[in-house]
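Chains A and B supply the protein sequences, listed in that same order. Each residue of the first sequence is one higher than the one before, starting from 1 at the first, in the working numbering. Each residue of the second sequence is one higher than the one before, starting from 1 at the first, in the working numbering.
Hints listed in this document are in silico derivations from the structure and should not be mistaken for laboratory results. Where a beta carbon is used, it is the ideal one built from N, C-alpha and C, also for glycine. Don't take every hint at face value.
As the list claims (entries may be wrong) - In silico DSSO-like cross-links for lysine-lysine, where the CA-CA straight-line distance does not exceed 27 angstroms:
1. Lys137(A) <-> Lys153(A)
2. Lys164(A) <-> Lys248(A)
3. Lys47(A) <-> Lys137(A)
4. Lys282(B) <-> Lys359(A)
5. Lys376(A) <-> Lys325(B)
6. Lys164(A) <-> Lys137(A)
7. Lys398(A) <-> Lys323(B)
8. Lys282(B) <-> Lys209(A)
9. Lys123(B) <-> Lys398(A)
10. Lys243(A) <-> Lys359(A)
11. Lys389(A) <-> Lys282(B)
12. Lys376(A) <-> Lys323(B)
What the hints assert, rightly or not - Some chain A residues flagged as far from chain B (calculated, every beta-carbon gap over 12 angstroms):
13. Phe10
14. Thr88
15. Asp104
16. Ala165
17. Ile245
18. Asn360
19. Ile370
20. Val373
21. Glu382
22. Asp392
23. Ala393
24. Lys410
25. Glu412
To be verified - Partner residues are not named here, just some residues of chain A that face chain B (Cβ under 7 angstroms, in silico):
26. Pro259
27. Pro365
28. Asn366
29. Leu368
30. Ile372
31. Ala390
32. Gln394
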Amino acid sequence: MGFIGNAIYFAFHPIQLRSIIQWKVWHNPPHERNEKNDTETQKICYKFLDQTSRSFSAVIKELHPELLLPVTVFYLVLRGLDTIEDDTSIPLETKEPLLRNFKDFLTQDGWNFTGNRPEEKDRELLVQFQSIIVEFKNMKPAYQAIVKDITDKMGNGMADYCVKAATEDASVKTVEEYDLYCYYVAGLVGEGLTRLFVEAEFGNPALLKRPELQKSMGLFLQKTNIIRDIREDFDDERRFWPKEIWSKHVDNFEDLFKPEHKEAALNCNSEMILNALEHVEECLFYLAGLREQSVFNFCAIPQSMAIATLELCFRNYAVFERNVKITKGDACELMVQSTQNLNVLCETFRRLTRAIHKKNTPKDPNFLKISIVCGKIEKFIETIFPTQKAEDAQRRVKGELSRAELEKRKAEADSKSDVFFLMAIMGVIIFLVAGVMMVAAWFLGARFDLAWQEIRSGNFRPPAITQKEL
Amino acid sequence: MPDGSMNSKRVIVSGGTGFVGAAIARSLADKHPGCAIIILDLSPPRPQHALPDEVEFVQVDVASMAEVRKTLQTVKPDIVIHTAGIVPALADRFGRRLERDVWRTNVQGTKNMLDAAAECGVKAFIYTSSCCVTTDDMRFPYPNINEEWPTSPTSLIYGESKAAAEALVLQDSCSQMATCSLRPSVLFGPGDYQLIPSIHACIAKYQTPFIIGDGFNLWDVTHVSNVADAHVLAAENLMTSRTAAGEAFFIQNNEPITFRDFCLAIWAQFGHVPPFEIHIPKALAYVAGFVCELATWATRSSTTLSRGSVRDACAMRYACGDKAKFVLGYEPRIGIEEGIRLSCEVST
């Protein structure tokens, strides 16, 4: 869309434009990065960060300085793994050991990898991987250990998947397998990040005791992507929707994209979204455990984007036809709402959950389940941020007023007496003006006595004047 | 219970031929076959509420102290589960016409049962209260309420009578006889003669497209066998640890659902989907309800629409189930979805 296109679009969508302006004008990063002091290798890291992820780099770069580099390095390392796994030109016998040993490369000075095919988009990252290794080794040992551990788990998970894909059918069959897949690609990232947050004392250590919470954070994001990207993945011959779910609605996966199975496809889409929504409570619970603003923003922004994406995709047939995305204005509005506090974020979640709820239809076989999961999310939000408290209710029943109410009542009484005073003045003025006018009329010859007599005898109108008399 | 604390105990279920009472008797017989179950009720066993095989039935009016005392002295129960009570039908829910009858059964009946139980050396007394003790005060919303919320002394005749009776029960808890009170929300299930039939009836009356208010107000519903389970758990608790003594508990399915969706799900079970939807603002419906009430008053007929029913339909009323979970170990066994399916199968 060119400038004119944008101008026309925003002319008809002023709220979108307002959100974008609000975000650009009013958002102050909690921590500004000082680029002048960056070393050469750090600069390379941030350059790759910008190149590999447009969405993540902005939030990562606003992180607290303590975590900025560890999270950047962590992200790039996983991206490196991903680039090897994605590359179909690397034979399995080379790929498998590369993935399994990737954690050891992190400590090998000067290691890099040039074996990617030229069209692999993040090829350059692995070619210059030595710079990331330098930064990795500069990190605190505790952070190094965490990044290394997750790299180990993820590398092995990916290797297992590649072996399975080469030897047997690797398509996702059960919901359990679907969860496991999402765990390897996103849940592990959540685990690594949580350990980094807690290590830096920006997260409540209790988060580590409830691993299902951070798992849900990752799974919710990953599942949302899988739901949104159904068309793109299908065109690239990748299938992540578990057979256990789609087979309830269509016989063949391809049927989801055929117009004659539109209803079935929508019901399948809503069941996938239902499956994702079951993570929301745990995600909000997790966010309640974060103690530092930049870390909160870093975690909250993707979550609110995810729920908004689900809202957009819910029973929206367009997801089977093309790639749907939330608009830039909506994204900015979400970012504003995700960078304040949990209360504001919960309101956003409540709003979007209700929007999903509204689109739910009894024609859907999962109608009631979706309704119940929406109700549970709302109940959970009410649990952490009650709109009504038992103490207030106690007071109400006793007929007492809270202090706020007392103050309000007093203010009301004050304003009421002001209004009375003004009314009284008005009344006096009207009385005086009317008196003056009547006296003036009397001097000019008005016969009030005759008028009064007529009224007394019941003639409220002047006698009708006929044409003849005129 | 493995320790046999419920073994060969004599359990009275008052109101046991009714919807809830019969479910409690079934649940009890199922979990504790060693218990002797004696049912007290004004009406004899009814076919729509199946009872376990080996129960004894005694016809008693709980409002009569003489009858109650005589029965309890003969039966010599260890446990009393008191569910007998009047729930006014919708047409009388918001009025005061039945006030005397409701108080006589719900409050005087409970007092009789309590006093007679104490005289006979009963060890555990479980009272079937209602969430209405709090929520019948329709002036306020009740989101995610817990047991710290007050009961209201001025609400509707049902809520007032239940609150008064519950207060009697809870204050009588002592080391000799432990008492507790369970407050189920709106009940449904096989044999329910109020909720599901009246929602079903909307299909024939072409009322299904109308939505009053924003339709987002959450409600609690409870499947009858879940509330029966809660009574059995409460009896077990009062016979062993007694951590529930003197306490009240909200009991529900813990799946708050919008009233609209609950209706839609029931209609869907009967193969009906509203062809279109019409949203009616709450204020307008309230005025219409008032007009209907005047018409009802003038013609002495009955109406489904009234100011009270509009408030009911728009009310936010759901409770947090944590206390029942932690103290009684109560978790609903039958979810709403399964519950609706079971109930509608019976109705068709």
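* Interface hint outcome for Ile372(A) [beta carbon to chain B under 7 angstroms] -> Holds, about 5 angstroms.
* Interface-negative label, Asp104(A) against chain B, beta-carbon threshold 12 angstroms -> holds, 48 angstroms
* To do: Could you check if Ala390(A) really has its C-beta closer than 7 angstroms to a C-beta on chain B?
  => holds, 4 angstroms
* Between Lys164(A) and Lys248(A), is the straight-line Cα distance small enough, at 27 angstroms or below? -> The hint holds at about 25 angstroms.
* Asked: Straight-line Cα separation of Lys376(A) and Lys325(B) no greater than 27 angstroms?
  -> This hinted pair holds, its Cα atoms lying about 16 angstroms apart.
* Minimum Cβ-Cβ distance from Lys410(A) to chain B exceeds 12 angstroms -> With a cut-off of 12 angstroms, Lys410(A) remains clear of chain B, as the shortest Cβ separation is near 23 angstroms.
* Mind verifying the non-interface call on Val373(A)? Its CB should be farther than 12 angstroms from each CB in chain B. => violated, 9 angstroms
* Regarding the hint that Pro365(A) lies at the interface with chain B, is the smallest CB-CB distance below 7 angstroms? -> Interface hint status for Pro365(A): violated (9 angstroms vs cutoff 7 angstroms).
* Asked: Can we confirm that no CB of chain B comes within 12 angstroms of the CB of Ala165(A)?
  -> Given that every Cβ of chain B is farther than 12 angstroms from that of Ala165(A), nearest at about 37 angstroms, it holds.
* **Lys389(A) paired with Lys282(B) [C-alpha distance capped at 27 angstroms]** => holds, 25 angstroms
* Would the least Cβ to Cβ distance between Ile245(A) and chain B come out above 12 angstroms? -> holds, 17 angstroms
* So is Asn360(A) really clear of chain B, every C-beta pair being over 12 angstroms apart? -> At about 7 angstroms from chain B, Asn360(A) fails to clear the 12 angstroms cut-off, so the statement is violated.
Violated hints for the displayed structure, listed by number in ascending order: 6, 8, 9, 18, 19, 20, 21, 22, 23, 26, 27 and 28.
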